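In order, the protein sequences belong to chains Y and L.
For the first sequence, position 228 (counting from the first letter as 1) is numbered 228 according to the working numbering, and the numbering increases by one without interruption.
To convert, count from 1 in the second sequence and add 432; that's the working numbering.
Bear in mind the hints are in silico, worked out from the structure with no lab data behind them.
Honestly, I wouldn't trust all of these hints.
As the list claims (entries may be wrong) - Chain Y is faced by these chain L residues, among others (derived, beta-carbon under 8 Å): (1) G488; (2) S491; (3) N578.
Claimed, not checked - Think about it this way: if two alpha-carbon atoms lie no more than 20 Å apart in a straight line, the pair counts; the simulated SDA-like pairs of lysine to any residue are: (4) Y:K360 with L:D463; (5) L:K561 with Y:A286; (6) Y:K395 with L:L562.
As the list claims (entries may be wrong) - Derived DEER-like restraints, expressed as beta-carbon distance ranges: (7) Y:K395 with L:K515: 20 to 30 Å; (8) L:R518 with Y:T339: 39 to 49 Å; (9) Y:D304 with L:D620: 41 to 51 Å; (10) Y:K51 with L:K588: 51 to 61 Å; (11) L:K588 with Y:Q144: 44 to 54 Å; (12) Y:H223 with L:E474: 42 to 52 Å; (13) L:T591 with Y:E73: 32 to 42 Å; (14) L:P643 with Y:D304: 52 to 62 Å; (15) Y:K119 with L:T591: 55 to 65 Å; (16) L:P643 with Y:K395: 30 to 40 Å; (17) L:P476 with Y:Q328: 24 to 34 Å.
Because the structure is a prediction, the values reported are computed rather than measured.
Using N, Cα and C, we set each Cβ at its ideal position, and we do this for glycine too.
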Amino acid sequence: MPALRSEDSASRLTMDDETTMSSRVYFFVVLVLLAGSSVPGQEPIKLSEPKIGKIACLTPVTAPSARCIAIGETAGWLAFGRDKAFADAHVSLFKLDAKGNPAAHSIPLKLPRPAGLVKLANYPLALAFHPKLPVLYVWQDIAQQYTNPEQPQPPDLKNFDHLHIYSLAKEPPELLASLCRGPDYLYGMLGGSLLADAAGANLYVPNMKDPKNAGSLRFGRFHLDEAGLPKLDAKDAALPLPARIKRLAELNAAKPLLPHQMTLLDYVTLFPLSPAGSGMGFFEAAPNVVIAGGHTGLISWRPDDKRVTLSGLAFRNHGHQLVGVHPQLPAVYAALFNTDLLTRAEQVEGYLTLVPRTYKLPEANFLSQPAVIEKGKRLAIGGRYRIYVLNLDDKGQCLPEVAQVPLMNPSVQALAYSQRFDRLYVSIEVSK
Amino acid sequence: MKRTIWIGGVMLAWLASAGSLKARTITLTADDCDQAAVISSENPRLSWSGYMPAPGIYSTYTQMNLYGHHAILVRFPLDKIPKDQRITKAEWTIPTSYVAGKAQFNVHRLLAEWGTGVCHQYRQTFPKKLEWTTAGAKGVASDRANQVSAVFRYDKAGTQTVDVTQDIELWYTGAVPNRGWILSLEPDTAIYLSSPYPGGADWKLQITFEPK
Numbered sequence: 001m002p003a004l005r006s007e008d009s010a011s012r013l014t015m016d017d018e019t020t021m022s023s024r025v026y027f028f029v030v031l032v033l034l035a036g037s038s039v040p041g042q043e044p045i046k047l048s049e050p051k052i053g054k055i056a057c058l059t060p061v062t063a064p065s066a067r068c069i070a071i072g073e074t075a076g077w078l079a080f081g082r083d084k085a086f087a088d089a090h091v092s093l094f095k096l097d098a099k100g101n102p103a104a105h106s107i108p109l110k111l112p113r114p115a116g117l118v119k120l121a122n123y124p125l126a127l128a129f130h131p132k133l134p135v136l137y138v139w140q141d142i143a144q145q146y147t148n149p150e151q152p153q154p155p156d157l158k159n160f161d162h163l164h165i166y167s168l169a170k171e172p173p174e175l176l177a178s179l180c181r182g183p184d185y186l187y188g189m190l191g192g193s194l195l196a197d198a199a200g201a202n203l204y205v206p207n208m209k210d211p212k213n214a215g216s217l218r219f220g221r222f223h224l225d226e227a228g229l230p231k232l233d234a235k236d237a238a239l240p241l242p243a244r245i246k247r248l249a250e251l252n253a254a255k256p257l258l259p260h261q262m263t264l265l266d267y268v269t270l271f272p273l274s275p276a277g278s279g280m281g282f283f284e285a286a287p288n289v290v291i292a293g294g295h296t297g298l299i300s301w302r303p304d305d306k307r308v309t310l311s312g313l314a315f316r317n318h319g320h321q322l323v324g325v326h327p328q329l330p331a332v333y334a335a336l337f338n339t340d341l342l343t344r345a346e347q348v349e350g351y352l353t354l355v356p357r358t359y360k361l362p363e364a365n366f367l368s369q370p371a372v373i374e375k376g377k378r379l380a381i382g383g384r385y386r387i388y389v390l391n392l393d394d395k396g397q398c399l400p401e402v403a404q405v406p407l408m409n410p411s412v413q414a415l416a417y418s419q420r421f422d423r424l425y426v427s428i429e430v431s432k
Numbered sequence: 433m434k435r436t437i438w439i440g441g442v443m444l445a446w447l448a449s450a451g452s453l454k455a456r457t458i459t460l461t462a463d464d465c466d467q468a469a470v471i472s473s474e475n476p477r478l479s480w481s482g483y484m485p486a487p488g489i490y491s492t493y494t495q496m497n498l499y500g501h502h503a504i505l506v507r508f509p510l511d512k513i514p515k516d517q518r519i520t521k522a523e524w525t526i527p528t529s530y531v532a533g534k535a536q537f538n539v540h541r542l543l544a545e546w547g548t549g550v551c552h553q554y555r556q557t558f559p560k561k562l563e564w565t566t567a568g569a570k571g572v573a574s575d576r577a578n579q580v581s582a583v584f585r586y587d588k589a590g591t592q593t594v595d596v597t598q599d600i601e602l603w604y605t606g607a608v609p610n611r612g613w614i615l616s617l618e619p620d621t622a623i624y625l626s627s628p629y630p631g632g633a634d635w636k637l638q639i640t641f642e643p644k
């Protein structure tokens, strides 16, 4: 590691002689002697200029203006969420064959919005598949600026549903439920993520707020039933599926439906107001424990732990943290959106630990969440017209050598790795 | 001609002062630590237990509010000191922002290896869970050295400096492995200081050395 730091400045390494320096010339000589000195830890560690490389498992998929992605390994689906400027579809669904090859044609989904908001673009921010069922969750947002305090809003904003739940059991997909509206939800956000946990027991949702304080953010989770829908109370839970779907719609219309559990409020250290919202990338660190990207760093949420419900590990650089996790090691990677900074932290069973380390890849623009590929040896991150590939050592630390793979996509934001298929799916603008 | 004289003068000045170049001082800060944690008996699994902005919430952001049940674990790598040097002086400075009455940090060398997942209960939890001999790294002569290396004494908020030359020399020479220090508070005391992450702490470890 010291070799990586050697090109950094000597600014923190002070050098004092025991005697007074006699002249400016002497001082100059001292500075020259110090020029190659090493450096501090949390100063970003500079990585080398990327060389052109290859990714053996790369699977480009033509999905113009894609901004988010989800892989449904069990159900055999790949979904891309499109930028708000893309008019043809909000979401494109590709069926995957047994080897993970995407179908040539996609199924488009248009996300609903209230009639009073037709002049405002709605756009998907996050997608997630149920781990066992052919169910797709979509989190959408609307291009209405969010401010603190909130400005007057279009009346129909209170009827804008952020969460849509689709059944993919038949074609065309069926919209089962639209939920998450009202004053507890942020709007106009640029980030946010969804996660259905491995057991299919919970759906984690982003971009919530304290309805009494527009600057205090939070996220939450719905407990899911056996159909992948938010659980109803005991009496309604016994209803057959069509009746439960109807009941969800009634409850949603009557009163804002809130997740069963929500994070505690802390608008200073963990959840300051951010245009990227809250819950910028979830991963399940242990049963009933998730780690999310937050504006100031990483946030661990243990909803059922009364003593340590939330804990954060702050990074030096704040903003839209796109989070990826190493499948074998305790390493967590956070790419700071639209910067050249990547921070590596550690967690075990959801407990954030030790010291975060930040790497700098000069002149890079990290745009996607990091994806660990090739049996944990490399880290892929989308950029402008390229994918950056960082090499990892056996502890998951970044090695100095970096590769880049050119790609026909000006903004590689939709990139995800499937362990089952050993494929790195990425959207491109035109077919090869 | 003038240029030759000027360059010669520079070289002479440099050579004449060569003796004074021998001794150097480097300053390490919290940013240089490769391992750090704040452990607490109240949260036996947390690595960062130093700041609770509200009940149930912990953060490393901005500050650390430390009480008798807390301890700071910290390790400064010494790889910035060139080989074949003699440590002549090492001083560690820690500023505080609040002190309840009179309080002190007792500094001990850590003897047990610690790392990922370190907390009150465990000295590491990955790749496997290893417990401290006594929870909180309190095992004398097993988790931590018996001897106190230094004591930071505060009777008000401010900066204190202690001499840690002996420990740095032990680590640098390889006489004992550098496993860092543990700073523990006396019971019923409180010290507030800025958090090392995301980079606010003004800890300074100044090490002076010269060629052997």
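Hint-by-hint comparison with the structure:
1. G488: Because about 4 Å separates G488 of chain L from the closest Cβ in chain Y, which is inside the 8 Å limit, the hint holds.
2. S491: For S491 of chain L, the interface hint holds, since the closest Cβ of chain Y sits about 4 Å away, which is under 8 Å.
3. N578: Because about 26 Å separates N578 of chain L from the closest Cβ in chain Y, which is outside the 8 Å limit, the hint is violated.
4. Y:K360 with L:D463: holds, 16 Å
5. L:K561 with Y:A286: holds, 16 Å
6. Y:K395 with L:L562: Roughly 19 Å separates the two Cα atoms, so the pair holds.
7. Y:K395 with L:K515: 20 to 30 Å: holds, 25 Å
8. L:R518 with Y:T339: 39 to 49 Å: At 43 Å between Cβs, range holds.
9. Y:D304 with L:D620: 41 to 51 Å: Violated, since D304 of chain Y and D620 of chain L (Cβ atoms, about 32 Å apart) do not stay within the stated range.
10. Y:K51 with L:K588: 51 to 61 Å: holds, 56 Å
11. L:K588 with Y:Q144: 44 to 54 Å: holds, 52 Å
12. Y:H223 with L:E474: 42 to 52 Å: violated, 30 Å
13. L:T591 with Y:E73: 32 to 42 Å: violated, 56 Å
14. L:P643 with Y:D304: 52 to 62 Å: Holds: the Cβ-Cβ distance is about 59 Å, inside 52 to 62 Å.
15. Y:K119 with L:T591: 55 to 65 Å: Between K119 of chain Y and T591 of chain L, where Cβ atoms are some 59 Å apart, the hint holds.
16. L:P643 with Y:K395: 30 to 40 Å: At 34 Å between Cβs, range holds.
17. L:P476 with Y:Q328: 24 to 34 Å: Distance hint for P476 of chain L, Q328 of chain Y holds at roughly 26 Å.
In summary, the structure is inconsistent with hints 3, 9, 12, 13 from the numbered list given earlier, while agreeing with the others.
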